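Number of protein chains: 2
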Amino acid sequence: MTLDEAKTALAALQKSLHAYTHAAGLLYYDGVTGGPSGGARERGETFAFLSGELYKLSTGVQAGELLDFLDENKQELTQAEARQTELMRKQLRELRKIPMDEYVAYQQLCSESSAVWHSAKSKNDWLMWQPYLEKIVAALRRFASLVEPDKDPYDYCLDQYEEGLTQQTCDSFFAVLKEKIVPLIGRVKEAGQVPYDFLAAEVPTAKQEELSRWLMSLIGMDPAYSTIATTEHPFTTSFSKHDVRITTHYYEHDFTASMFSVIHEGGHALYELHIGDELQGTVLAEGCSMAIHESQSRFYENILGRSRAFISFIYPKLAQISPAIAAHTPEEVYKAINRAEPSLIRTEADELTYCLHIMVRYELEKTLMHGELEVKDLPARWDTLYKEYLGVDVPDDRHGVLQDSHWSDGGIGYFPSYALGSAYGAQLIGRMKRDVDVERCLASGEFAPINAWETEHIWKYGRLYKPGELLQKALGESFDPTYYTNYLEKKFSEIYGL
Amino acid sequence: MTLDEAKTALAALQKSLHAYTHAAGLLYYDGVTGGPSGGARERGETFAFLSGELYKLSTGVQAGELLDFLDENKQELTQAEARQTELMRKQLRELRKIPMDEYVAYQQLCSESSAVWHSAKSKNDWLMWQPYLEKIVAALRRFASLVEPDKDPYDYCLDQYEEGLTQQTCDSFFAVLKEKIVPLIGRVKEAGQVPYDFLAAEVPTAKQEELSRWLMSLIGMDPAYSTIATTEHPFTTSFSKHDVRITTHYYEHDFTASMFSVIHEGGHALYELHIGDELQGTVLAEGCSMAIHESQSRFYENILGRSRAFISFIYPKLAQISPAIAAHTPEEVYKAINRAEPSLIRTEADELTYCLHIMVRYELEKTLMHGELEVKDLPARWDTLYKEYLGVDVPDDRHGVLQDSHWSDGGIGYFPSYALGSAYGAQLIGRMKRDVDVERCLASGEFAPINAWETEHIWKYGRLYKPGELLQKALGESFDPTYYTNYLEKKFSEIYGL
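These protein sequence lines are chains B and C, in that order.
Heads up, the first sequence stops at 623 in the working numbering, and the numbers go up one at a time, no gaps.
Heads up, the second sequence stops at 623 in the working numbering, and the numbers go up one at a time, no gaps.
These aren't lab readings, by the way, just hints derived from the structure by calculation.
These figures come from a predicted structure and were not determined experimentally.
In this text, a Cβ means the ideal position worked out from N, Cα and C, and glycines have one as well.
Distance condition first, Cα-Cα at most 30 Å in a straight line; then the derived DSS-like pairs of lysine-lysine:
#1 C:Lys181 x B:Lys140
#2 C:Lys222 x B:Lys181
#3 B:Lys222 x C:Lys181
#4 C:Lys460 x C:Lys442
#5 B:Lys442 x C:Lys332
#6 C:Lys140 x B:Lys181
#7 C:Lys332 x B:Lys248
#8 B:Lys140 x C:Lys260
#9 B:Lys260 x C:Lys140
#10 C:Lys248 x B:Lys332
#11 B:Lys181 x C:Lys181
Take a look, some chain C residues computed to stay more than 12 Å from chain B by CB distance:
#12 Gly185
#13 Gln216
#14 Ile223
#15 Arg266
#16 Asp275
#17 Asp280
#18 Gln285
#19 Pro441
#20 Glu456
#21 Glu473
#22 Val485
#23 Glu488
#24 Asp521
#25 Gly555
To be clear about the criterion: a stretch of chain C counts as covered by chain B if any three or more of its residues have a C-beta under 8 Å from a C-beta of chain B, and this derived list gives those stretches:
#26 163-169
#27 345-352
Here chain B stands alone, though its shape is the one from the complex:
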């Protein structure tokens, strides 16, 4: 094999992997957006079949020889080819330690579990889903023991979403947050709540749909390459930079839930829509890591979307669809949207209490993966931790342990990304403001300069860099969570006059 042949083979291999990933991803998307519930088992079978083919292709002798050859000739590769080789070798190494039949059975399990979780949540029936989660936790614990026998099993999970992330890092990160946020929440509570009941006035779904389309266009999502659908739990999926899907969930008496969900998923989508052309069809055509991804989505949702300047800008649009909004000033709407108050649902939580929701999940995942908590005891433990961390009583599992979709398809280890991403975002805004007049952009609804900065510093690179490298490069300094705590301190002190 010549080097040129090997490079061509590397590109071809990735195109094939991409085709399987596209088809499998579409099966998942179809199942949660419109596919009939009765077809779940067969979708799971097809999904598992494609996963098996993907496994064979990724771990086969041919791929192994090719990647070894490329690795031996690293110095002759472009930066992108070298990173592709590195990532694919890591995946091959890890996957080969899991027997294919177990891997395929796990994919099918996740696909079916996702469908069962949807029903279980809508029926508020934990017991219906419990056996699936039991199998998922058991499988992940087994995979961790096979792939990284010397590593803590939860560290294995964290690394799947954020290369190199460990509990040690999370523990000290969450300790900083807890130290600063918990007393701040206390002071907010003493200050008395701002009025926000008027946000619960009815806004018909058709009006909310119109708002979604308007927001998507405003933030710069091209309708030729992106769509919106509805699901139980909002998410973003991307098949290439030319095909990015977001979803939302409409509540007629809580229109801001979908509104901020659209901006959040819009942040994910913008990222995927702006990955470099030259990376398309390769394993680098994805966000760098889940925390970097969440740093974009939570940045658009909160730091931009819940800012005073942006709320002022969209106020006339909101007043159009809701007479209750029109009856209040932009400043009142800004405060209502940003009221901080311990609550039950993570995706609808305010910026200040949000991380407590993540810490609950982090504790639970850790003890599940360590075998210290059994799945059957999870709902009770969930409720206890919500009382302890947020001081709220969980009325039922639909508003408790069943609320998020992540665990239903095996996403244990994902949640810390949200908190980390939020903190990355607070540090990024400072750096961005040196180049872009962000306030002026938000006040005039002009996202092009913001998106251009993100493209230049984050989006275009895809997975070319490791998360830590990319962040260092974009920030010009190391990650520091006090940017985030300072941001929260300033914002909420000002809102509540502390």
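Once you have looked at the hints, place chain C on chain B.
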């Protein structure tokens, strides 16, 4: 290989083929129901990749040896296994004659052509799509010459949709229709038109959507296993009996267009929903042929759906969604819905003039496949034939040559199935009436006995029999198109008082 091993391998091979077909089918469905237009090229690439894998699996040495072994041991196989072997051997034989790269390129071409046709139709821009159709016709002519060098190329196309169908059969069938229908249309014209303008009163899309759901439930489609979406051109697709999708297209000033489209696609869907459990996951889990499929869809749409008894039954529901309907009697609605009048759009044509639309397409396909008509001359020829056969002037290509989706994804040879299917249906109703009180069922909206009869005589068998065999078995006699011409004669003489 023992016989038992071979039987297990046969089932496993079909499961793999089914997984690829499921994924590829979903890509198509996604592209026409909601996928962003900008993703068409990549959907086409993934579709082509999966088609390539399907090709390799269907034509590989392993499949060949397995099927030969099973064929040599035919007498030891169940009826289903023998038919599976027969169909898969036919496919292998045919596919092997087409080089894989040409086959894959053709699949990608069809996928892209379908997307371009969608735009071209909505923009009324024939030239945009012309080069795609040119390539499709060229590819089909080449495939015909490779697969069946001694056969007429259009006969090759017809056989793809209706095993054994030839131009000879079509010619004599259409001759019978022409002889009977053309004078009947003349007499209808002399009799003067029934009033039907009131059908064009506005019915909002939301009301039509509600009607669709009501109709689907009424005719017996289980929502756990079937869904509806909207597309430019309505169709049905099925991934298994647990996952059947229909689509429709709403026009606010022509609610009966979607209404009968839903019943038509509902007929296709009911067929797929009732194929035998034991055939699922095999190549027999499909409708027997396209004409048999259309015999079901056009049966539900017309013979049942446009009958006086059924219109009386649904009249209160229609009166609810349209004040214009409420202002007329059920009998007036029945006549308006069945008014016969030469028109431009096939899918909205009445039962009497419908076959003329098919004959136009049959003539065009024949001359295209024979190389006697060039694609660039197709629109002009289309318009000429519409004038000649139906006496109407085609105002633009959107209402002319661009109206149907079939050719856009390679479906040349499909159209005659509609006419044949209509004729099969007219013969089937007589046989069914011996066992089921169809009039009473329709008058009371009770579809269970009708569906049970269809299941017993047609649906459950899937592709177990050849179309001719199945029909003979269900009818107890050979196909005879005069049942159809008599049916039309009786129905329209009565409506127009001839």
